Amino acid sequence: MSIQEQYRSRAKELLGEGSVKMVIGYGVGTTATRRRPIFITSPDETDRLVLDASCRTNLAGYLLREGLLADQKSIAVFLLPDGVRALNILAAESQLATAQIVVLGFEIKGEEVKPLEGTAAGDFSAIIAERKEQRKAQPSHEMAVKLEEMTPAERFAFWEKEFSRCIKCYACRAACPMCWCRRCVVDNNQPQWVNTSSHTLGNLEWNLVRAFHLAGRCVECGNCSEACPVNIPLHLLNGRMTDEVLTAFDHYPGADEQQEPVLASFRKDDPETFIL
Amino acid sequence: MTKILYSDDLTTCFSTWRKEGIMTFGPVQEAGNSGFREVQDEKELDMNLILTSRTLKELFFPRTEPMLSYSIGKQQIETSEFLPSEKPCIIFGARPCDAAGMAMDDELFNWDYRDEYWFRRRSRSVIMTIACSTSDDFCMCTSLGLGPDSAKGSDVLLRPLASGKGWLVEELTEKGDKALQSIASLLKEGTEEAAPTAEVPVLFDLEACTTWLADPENFESHFWKEISERCIGCGTCTYLCPTCHCFDIQDEGDTYEGIRRKNWDSCSFQLFTMHTSGHNPRNTQSARWRQRIMHKFNYFSLKFSVNSCTGCGRCTRECPVDMGVRETLQAISTLQK
Ligand code: SF4
Ligand code: SF4
Ligand code: SF4
Ligand code: SF4
Numbered sequence: 001m002s003i004q005e006q007y008r009s010r011a012k013e014l015l016g017e018g019s020v021k022m023v024i025g026y027g028v029g030t031t032a033t034r035r036r037p038i039f040i041t042s043p044d045e046t047d048r049l050v051l052d053a054s055c056r057t058n059l060a061g062y063l064l065r066e067g068l069l070a071d072q073k074s075i076a077v078f079l080l081p082d083g084v085r086a087l088n089i090l091a092a093e094s095q096l097a098t099a100q101i102v103v104l105g106f107e108i109k110g111e112e113v114k115p116l117e118g119t120a121a122g123d124f125s126a127i128i129a130e131r132k133e134q135r136k137a138q139p140s141h142e143m144a145v146k147l148e149e150m151t152p153a154e155r156f157a158f159w160e161k162e163f164s165r166c167i168k169c170y171a172c173r174a175a176c177p178m179c180w181c182r183r184c185v186v187d188n189n190q191p192q193w194v195n196t197s198s199h200t201l202g203n204l205e206w207n208l209v210r211a212f213h214l215a216g217r218c219v220e221c222g223n224c225s226e227a228c229p230v231n232i233p234l235h236l237l238n239g240r241m242t243d244e245v246l247t248a249f250d251h252y253p254g255a256d257e258q259q260e261p262v263l264a265s266f267r268k269d270d271p272e273t274f275i276l
Numbered sequence: 001m002t003k004i005l006y007s008d009d010l011t012t013c014f015s016t017w018r019k020e021g022i023m024t025f026g027p028v029q030e031a032g033n034s035g036f037r038e039v040q041d042e043k044e045l046d047m048n049l050i051l052t053s054r055t056l057k058e059l060f061f062p063r064t065e066p067m068l069s070y071s072i073g074k075q076q077i078e079t080s081e082f083l084p085s086e087k088p089c090i091i092f093g094a095r096p097c098d099a100a101g102m103a104m105d106d107e108l109f110n111w112d113y114r115d116e117y118w119f120r121r122r123s124r125s126v127i128m129t130i131a132c133s134t135s136d137d138f139c140m141c142t143s144l145g146l147g148p149d150s151a152k153g154s155d156v157l158l159r160p161l162a163s164g165k166g167w168l169v170e171e172l173t174e175k176g177d178k179a180l181q182s183i184a185s186l187l188k189e190g191t192e193e194a195a196p197t198a199e200v201p202v203l204f205d206l207e208a209c210t211t212w213l214a215d216p217e218n219f220e221s222h223f224w225k226e227i228s229e230r231c232i233g234c235g236t237c238t239y240l241c242p243t244c245h246c247f248d249i250q251d252e253g254d255t256y257e258g259i260r261r262k263n264w265d266s267c268s269f270q271l272f273t274m275h276t277s278g279h280n281p282r283n284t285q286s287a288r289w290r291q292r293i294m295h296k297f298n299y300f301s302l303k304f305s306v307n308s309c310t311g312c313g314r315c316t317r318e319c320p321v322d323m324g325v326r327e328t329l330q331a332i333s334t335l336q337k
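Protein sequence lines correspond, in order, to chains U and X. Following my numbering, the numbering of the first sequence begins with 1 at its first residue and continues without gaps. Following my numbering, the numbering of the second sequence begins with 1 at its first residue and continues without gaps.
A portion of the hints provided could be inaccurate.
What the hints assert, rightly or not - Between beta-carbon pairs, the in silico distance windows are:
1) X/P196 / U/L246: 54 to 60 Å
2) U/S19 / X/A31: 45 to 51 Å
3) X/E192 / U/E111: 44 to 50 Å
4) X/F223 / U/T119: 50 to 56 Å
As the list claims (entries may be wrong) - To be clear about the criterion: a stretch of chain U counts as covered by chain X if any three or more of its residues have a C-beta under 8 Å from a C-beta of chain X, and this derived list gives those stretches:
5) 34-43
6) 185-195
Read the hints as simulated data drawn from the structure, not as lab findings. All of these numbers come straight from a predicted model, not from anything done at the bench. Glycine residues also receive a C-beta, built at the ideal position from the N, C-alpha and C atoms.
Make the full structure from the sequences, and use the hints.
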C-alpha cells in the first residue's frame with residue numbers, strides 16, 4: 001500500500017469510528033505540483049487526500065480557527081515534524097490541548113515521503129530530538145552563513161534592501177502558525193503603535209517586531225517565506241533567532257509541550273551576558 | 001505596410017526618450033521578485049517575463065504615499081499637499097491584463113470624487129503594452145472577455161515579431177502617437193509577420209457566474225463557506241491584483257504635526273470592516289471572500305458596467321493556499337449546470 005493509501009485509510013477509519021470530527025490534510029491544487037489545504041468531515045471523502053513531496057505547508061495554524069476545538073471533539077491533522085513542534089508550542093502557550101489532536105505525521109526526505117510512527121504530539125520526540133542535533137550541527141541555510149560573515153553595516157544594508165520590497169500585506173503573519181494573537185500589536189490603532197505605511201521605517205518596524213515575537217517560537221516551517229508575495233527571505237531572520245536561543249539556552253523551539261517559552265520564563269541562574 | 005520597432009534599436013529608443021526628459025519604466029526582476037520601476041536603459045528590463053509578480057498599479061497607486069503634511073500652531077493651522085509630479089513617463093512592456101486594469105480603475109477613481117493622485121500619474125504616463133505570445137497555467141484573460149492582445153488601457157500595442165527581433169507597432173491613443181513621434185526615425189516600414197498570440201483557454205462562463213452572483217438568494221449560500229474555508233486572510237490576492245484599489249488613510253505624527261498618508265488596504269483583513277464598537281459586519285473569512293468576489297463581479301459591474309477583474313491570474317498564482325478567483329468562478333459555473 002502506498003503511503004498515500006495508508007494515510008487515506010487511516011483518515012477514513014478515524015472519521016468512520018467517530019474518534020475525530022475532521023481531518024485537515026492536503027488535496028490536489030490548481031497545477032500538478034500545487035497542493036491545497038482541505039478539510040474532510042466524512043469518511044466517504046478521504047479519497048480527496050493527497051500525500052506526496054509537494055505537501056509542505058504547515059497546517060497547524062488551522063487548528064486555532066475560532067471555535068474549531070471549542071466542542072472538545074478531536075481533529076486529525078497531517079503534520080511534518082516542524083508541524084508537530086508548532087503543535088507543542090501552541091499547547092505550551094495554552095492555545096490548544098494536544099489531547100484533542102490526532103497527528104498524522106510524515107516526513108519528506110528529498111522527494112520521498114515517509115510515514116512517522118505515532119498519533120499524539122508526544123510520540124514524535126525522537127525525531128524532534130534528532131532534528132535538534134542536525135540543526136545544531138549545521139546552519140539552516142547557506143545564505144545564513146554569508147550574513148554572519150558580513151559587517152553589521154553590510155547586514156543592515158542587506159535587510160534594508162530586502163524589506164524595501166515589503167508591501168505590508170501581513171501574509172507572513174497570516175501564514176504563521178505561531179502568529180496566533182487575536183489582535184496583533186500592529187493592528188492596535190489607539191494608539192497606532194506601529195506605522196501601517198510600508199515605507200522604510202514602517203517595514204523595518206514590522207519585520208523586527210515580528211522577528212522578536214518569534215524568537216524561540218519559530219519552528220522554521222517556511223510558511224512565512226512561502227507566503228510572502230515579494231519573496232523576502234524571512235526564514236533567514238527567524239532562523240537567526242533560532243540560532244540564538246539554541247546557543248544561549250539550548251532551546252529548540254517546540255521540543256515538547258512542557259517547554260517553557262524563552263521570552264516568558266525567568267531563572268535566577270540566567271547568565272544575562274547582555275547586561276553590562 | 002506596418003511600422004516595426006527592432007529590439008536592436010531599443011537602446012537608442014530609451015536614450016531618445018530620456019534626453020527629452022521622459023522617465024522610462026519597465027518590468028524588472030530583482031531578488032526573485034518582479035515588478036515595474038524606473039530604468040535608465042533597456043538593459044535593466046527583463047523581457048522574458050510573462051507577467052511581473054507585482055502589478056502596474058504601483059506606478060499609479062503606490063502602496064503608501066504622503067497626501068499632506070499638517071502642523072497646528074497656536075494661531076493657525078498649516079497644511080501642504082504632496083501632489084505627484086507631472087513629469088512625463090513611458091512604461092514599456094506592460095501586459096494587456098495589467099493595462100486593462102488601469103482603465104477599469106479610472107472609472108472608480110473618477111466616480112464620486114476625482115482622485116488627483118491617481119489621475120496626475122495616469123495623464124503623465126504612456127503605456128506601451130506588449131501582446132503575449134506565451135501564457136502560463138494561471139492566465140485567464142480570455143475568460144474575462146479580454147485576451148493576450150487586447151488593447152484596453154494601452155496607448156501603444158506592440159506585437160512581437162515571429163522572428164523575435166522586434167515588434168509591430170500600433171498606436172492607440174494620441175498620447176501613444178506622441179511618444180512614437182519622438183522615435184519616428186527608429187520605426188521601420190516592413191512586412192514581417194507577428195508571432196501568434198498565446199492560446200489562453202476559457203475556463204468558465206462569466207455570464208453564468210455574474211447571473212448567479214446577482215441573485216440575492218445566493219448571498220447566504222453555503223457555497224461561500226465551502227469555497228473559502230482555507231483562506232488565511234493574507235491579503236496577497238488584493239495587493240497583487242491590478243484592479244484592487246482599496247486604501248486606508250492614516251495620520252503619522254501627533255495631534256500637532258504629522259503627515260497624512262494613503263496606504264493600501266484589503267477586504268481580506270478582519271480589521272477592514274471592524275467598527276469602533278467592536279462589531280464586525282464581515283466577521284468571518286468567508287464573508288470577506290464573498291465581498292471580494294461580489295465587489296468585482298457584481299457591485300462594480302452594476303455601477304460601471306464592467307467587471308473589476310482582468311484575468312491576470314495573480315490571485316491564484318500567488319495565493320499561499322491555492323485559492324483565487326479562478327477556482328471560485330469555475331465552481332460557480334458548474335453550480336449552474
Ligand atoms: S515564522 Fe515562519 S518559519 Fe517560523 S513558525 Fe512562523 S511561518 Fe513557520
Ligand atoms: S508577507 Fe512579505 S510583504 Fe507581506 S508583510 Fe510579510 S514581509 Fe511584508
Ligand atoms: S484567497 Fe489566498 S491570497 Fe487571498 S486572502 Fe485568502 S489566502 Fe490570502
Ligand atoms: S481578481 Fe485575480 S485574476 Fe482578476 S485581476 Fe485581480 S488578481 Fe487578476
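Item checked: Residues of the segment 34-43 of chain U with Cβ under 8 Å from chain X, three needed, outcome -> holds (count 6)
Note to self: Under 8 Å between beta-carbons, do enough residues of the segment 185-195 of chain U, three at least, approach chain X for the coverage claim to hold?
What the structure shows: Our answer is that it holds, as 3 residues pass the Cβ test (under 8 Å) against chain X, meeting three.
Note to self: Does the beta carbon distance between U/S19 and X/A31 stay inside 45 to 51 Å, or does it fall outside?
What the structure shows: holds, 47 Å
Notebook entry, point to check: Honestly, do X/E192 and U/E111 meet the 44 to 50 Å range at C-beta?
Noted result: Holds, since X/E192 and U/E111 (Cβ atoms, about 45 Å apart) stay within the stated range.
Checklist line | Range hint 50 to 56 Å (beta carbons of X/F223 and U/T119) holds or violated | finding: For X/F223 and U/T119 the Cβ distance comes to about 34 Å; the hint is violated.
Notebook entry, point to check: Given a hinted range of 54 to 60 Å, is it respected by the beta-carbon distance of X/P196 and U/L246?
Noted result: holds, 56 Å
Hint 4 from the list above is the single one not met by this structure.
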